[in-house]
Amino acid sequence: MYVVESVEQVFETYMGPTVFLTLFLVCLIYCFCKVDENGRKRLLFVILLSIVLVFNNVSLRLVGKLTSDLTFYRFIWAVPVLLLIAWAGTKSVMERRKFWEKAAVLVLLIALFQGGTSTFLTEGSLRMPENIYNLPGDVIKVCDIIERHNDGDIENPVVAFDIECQVAARLYDPSLVWGIRRKAYLDYNNTDGYKNVKNRYKAEKTIIHAVNFGRKDEEQRLSNALQKRGIDYIVTYSSFEMDGYFAQLGYGLVESTGARSVYAREKNDLEVNQ
Amino acid sequence: MQLAVCVLVLLLLGIEFVVFGVAASRLFRLNPRGYEIGILGFFVYFGMFQVIALPLIFLQRPFHELVVLWLIIAAAVNIYALWRGRKDLGSLLHKSFAGLWRNRGILLAAVILLVLFCCCFAALQQYLGWDTSYYVGTVDITVRTDSMYAYDGASGAPVKSLNLRYAISTFYMHSALLCKLTGISGMVLHKYVIGILCIFMHGGILFAIGRQLFPEEEKKALFLTGLVFVLHLGFHTNYTVSDFLLMRGYEAKGFCANVVIPAVFYAMLCLWKDRQKREHWFMTFAVCFSSVPLSMSALVIVPAMVGIAVLAEWLTKPRWAILWRAFVCVLPNVVYMVLYFMYTRGLRIAVG
Chain D
0 MYVVESVEQV FETYMGPTVF LTLFLVCLIY CFCKVDENGR KRLLFVILLS IVLVFNNVSL
60 RLVGKLTSDL TFYRFIWAVP VLLLIAWAGT KSVMERRKFW EKAAVLVLLI ALFQGGTSTF
120 LTEGSLRMPE NIYNLPGDVI KVCDIIERHN DGDIENPVVA FDIECQVAAR LYDPSLVWGI
180 RRKAYLDYNN TDGYKNVKNR YKAEKTIIHA VNFGRKDEEQ RLSNALQKRG IDYIVTYSSF
240 EMDGYFAQLG YGLVESTGAR SVYAREKNDL EVNQ
Chain L
0 MQLAVCVLVL LLLGIEFVVF GVAASRLFRL NPRGYEIGIL GFFVYFGMFQ VIALPLIFLQ
60 RPFHELVVLW LIIAAAVNIY ALWRGRKDLG SLLHKSFAGL WRNRGILLAA VILLVLFCCC
120 FAALQQYLGW DTSYYVGTVD ITVRTDSMYA YDGASGAPVK SLNLRYAIST FYMHSALLCK
180 LTGISGMVLH KYVIGILCIF MHGGILFAIG RQLFPEEEKK ALFLTGLVFV LHLGFHTNYT
240 VSDFLLMRGY EAKGFCANVV IPAVFYAMLC LWKDRQKREH WFMTFAVCFS SVPLSMSALV
300 IVPAMVGIAV LAEWLTKPRW AILWRAFVCV LPNVVYMVLY FMYTRGLRIA VG
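Protein chains in written order, with numbering that gives the first Met the number 0: chain D, 0 to 273; chain L, 0 to 351.
Chain D on its own, in the form it takes in the complex:
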């Protein structure tokens, strides 16, 4: 995410290091020369109206007020960048008579678009998924451990996950409820103090310190936070070696996948709360 300042900046960020915007403008001029008089008028009016009604800083602020200016980039989807370039490309390739000329122009076009730094086709972009869900296998193991241990005792266990596991776990097991909300992770995923933290996220920030950074110096605060958020399970990286620390707070180790460890609230704690 970035701070949106102007429409120009949104275009620059969207286009990145590609030459598509320049090419689009060249193709627009080409199109202007090729179409008939009515077509030219339409094109001119579309460009003018687009600038007056959409692509200006007043509209950007208006969108910002209604939803978020971070979503303004979606209006650029309505600019037919690729389509117009492809139209010009089709004309330049298909309207050549000799086969070798067509082939040469096509090769040039493909080289131009795939030789840049913004291609999808990079090393490692094609790899076989570990499982049909295309999720990290370790996350699936974590979810299975919780399911086995819970065995239907709690209908929707509340789990404090490390950030990577949290997003993926949701895609595999819908019964697990996040103990740390998205907003808390997005805004407070750091080890800074509590000075600028909103009150309603303070408990989650304490839990983030433990599960995502392995901090062991907030025992009482963490105990309160876990109770406040009603956490049934904790998932964190095994490398943090939190077994003893969590045991003191009433969360025993259930199982480890190697990379991650799963801790559950002690049974008697569960019973008391139920």
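Please keep in mind that the hints were generated in silico from the structure rather than gathered at the bench. Mixed in with the good hints, there may be bad ones.
As the list claims (entries may be wrong) - If we take Cβ atoms under 8 Å as the criterion, some of the chain D residues that face chain L in the derived model are:
hint, residue
1, Ser5
2, Met14
3, Gly15
4, Phe19
5, Cys32
6, Val34
7, Phe44
8, Val53
9, Ala77
10, Trp86
11, Ile109
12, Pro128
13, Ile153
14, Ser174
15, Val196
16, Lys197
Unchecked claim - Pairs of lysine-lysine residues, derived as DSS-like cross-links and limited to a Cα-Cα distance of at most 25 Å, are as follows:
hint, chain 1, residue 1, chain 2, residue 2
17, D, Lys40, L, Lys276
18, L, Lys94, L, Lys218
19, D, Lys140, D, Lys194
20, D, Lys33, L, Lys272
21, D, Lys33, D, Lys140
22, L, Lys94, D, Lys182
23, D, Lys227, L, Lys159
24, D, Lys90, L, Lys218
25, D, Lys266, D, Lys227
26, D, Lys197, L, Lys159
27, L, Lys94, D, Lys33
28, L, Lys276, D, Lys101
29, L, Lys316, D, Lys40
30, L, Lys272, D, Lys90
31, L, Lys159, D, Lys33
What the hints assert, rightly or not - To be clear about the criterion: a stretch of chain D counts as covered by chain L if any three or more of its residues have a C-beta under 8 Å from a C-beta of chain L, and this derived list gives those stretches:
hint, stretch
32, 61–74
33, 117–125
34, 164–173
Since this is a predicted model, take the numbers as computed values, not measurements. All residues carry an ideal CB built from backbone N, CA and C; glycine is no exception.
We have chain D already, so just place chain L on it with the hints.
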């Protein structure tokens, strides 16, 4: 096994879009071109789904009621299409094979392979974002709890009121319906059915645009389709249409960027060519009507596009009738906009 089910669902959805397209053509006495029927059917299908689903969401009815009701409606449409449009279906099948045979050769093979490569590429990507967890979470939790938008899709916690930012669009309820009927998980369905459907629909609409831009030669339309896919593979920056095709095609936003918006282009190109033809206005209305059901991102973008294109046409050849017709087309979006605006100003629909 799950992958086989996905292929079957994809095939059935394709058939349903054609059936809905034929039924709409028969019912409204339209005469669309062969390649337009599937596109028209896609929008009619999701528009009808919205009409059924939205009241049930607002009334907080159990999800299984939506499933049953939709099955009844879909069956009725299928029977109607088979009864009134069986000749159309036969001729469409014949035309499709004839078109493929006419264009046989290296270009057709290359474009098909390119599109299939993009499908494989998209299916193999492991994009895990917060939005993904919300959307797929919404699908899974709907099936699990037999409720609609009563739980937060991301966290899984119950909510006090409907989040109209998402609940106005029934796209994910449709995915949940498919999950319920097939028994496959939301992640698998979105990854291997919805994402690939987005690519196929995108390809279909590009071909239709190509036919409008090069009416004299099908091969040029085919080439244009292939070239856009080549460009997509080289356009990997922040939130581009290509990102939402190859990485996040299974999200509603992917459909907005790659299906709805190109379809608006197609409809506008048709209108610029002949603004009297009913088929073109029907297509415009269908696309606008189904734009919000497919994605809330289309809420303002689609009316803005239609408004600008029609105003440009009106300034070129002034006729008041087109402004009036365009207003009717974007009216559903205006209603959704008012509803959403009221939501941002405090309107709440309580849950439970």
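Evaluated hints:
{"no.": "1", "hint": "Ser5", "verdict": "16 Å, violated"}
{"no.": "2", "hint": "Met14", "verdict": "6 Å, holds"}
{"no.": "3", "hint": "Gly15", "verdict": "3 Å, holds"}
{"no.": "4", "hint": "Phe19", "verdict": "6 Å, holds"}
{"no.": "5", "hint": "Cys32", "verdict": "16 Å, violated"}
{"no.": "6", "hint": "Val34", "verdict": "10 Å, violated"}
{"no.": "7", "hint": "Phe44", "verdict": "4 Å, holds"}
{"no.": "8", "hint": "Val53", "verdict": "6 Å, holds"}
{"no.": "9", "hint": "Ala77", "verdict": "5 Å, holds"}
{"no.": "10", "hint": "Trp86", "verdict": "6 Å, holds"}
{"no.": "11", "hint": "Ile109", "verdict": "6 Å, holds"}
{"no.": "12", "hint": "Pro128", "verdict": "6 Å, holds"}
{"no.": "13", "hint": "Ile153", "verdict": "12 Å, violated"}
{"no.": "14", "hint": "Ser174", "verdict": "7 Å, holds"}
{"no.": "15", "hint": "Val196", "verdict": "19 Å, violated"}
{"no.": "16", "hint": "Lys197", "verdict": "17 Å, violated"}
{"no.": "17", "hint": "D/Lys40 with L/Lys276", "verdict": "22 Å, holds"}
{"no.": "18", "hint": "L/Lys94 with L/Lys218", "verdict": "16 Å, holds"}
{"no.": "19", "hint": "D/Lys140 with D/Lys194", "verdict": "37 Å, violated"}
{"no.": "20", "hint": "D/Lys33 with L/Lys272", "verdict": "16 Å, holds"}
{"no.": "21", "hint": "D/Lys33 with D/Lys140", "verdict": "60 Å, violated"}
{"no.": "22", "hint": "L/Lys94 with D/Lys182", "verdict": "53 Å, violated"}
{"no.": "23", "hint": "D/Lys227 with L/Lys159", "verdict": "19 Å, holds"}
{"no.": "24", "hint": "D/Lys90 with L/Lys218", "verdict": "11 Å, holds"}
{"no.": "25", "hint": "D/Lys266 with D/Lys227", "verdict": "18 Å, holds"}
{"no.": "26", "hint": "D/Lys197 with L/Lys159", "verdict": "21 Å, holds"}
{"no.": "27", "hint": "L/Lys94 with D/Lys33", "verdict": "32 Å, violated"}
{"no.": "28", "hint": "L/Lys276 with D/Lys101", "verdict": "37 Å, violated"}
{"no.": "29", "hint": "L/Lys316 with D/Lys40", "verdict": "10 Å, holds"}
{"no.": "30", "hint": "L/Lys272 with D/Lys90", "verdict": "20 Å, holds"}
{"no.": "31", "hint": "L/Lys159 with D/Lys33", "verdict": "57 Å, violated"}
{"no.": "32", "hint": "61–74", "verdict": "holds (count 6)"}
{"no.": "33", "hint": "117–125", "verdict": "holds (count 6)"}
{"no.": "34", "hint": "164–173", "verdict": "holds (count 7)"}
Checked against the numbered hints given earlier, this structure breaks hints 1, 5, 6, 13, 15, 16, 19, 21, 22, 27, 28 and 31; the rest are met.
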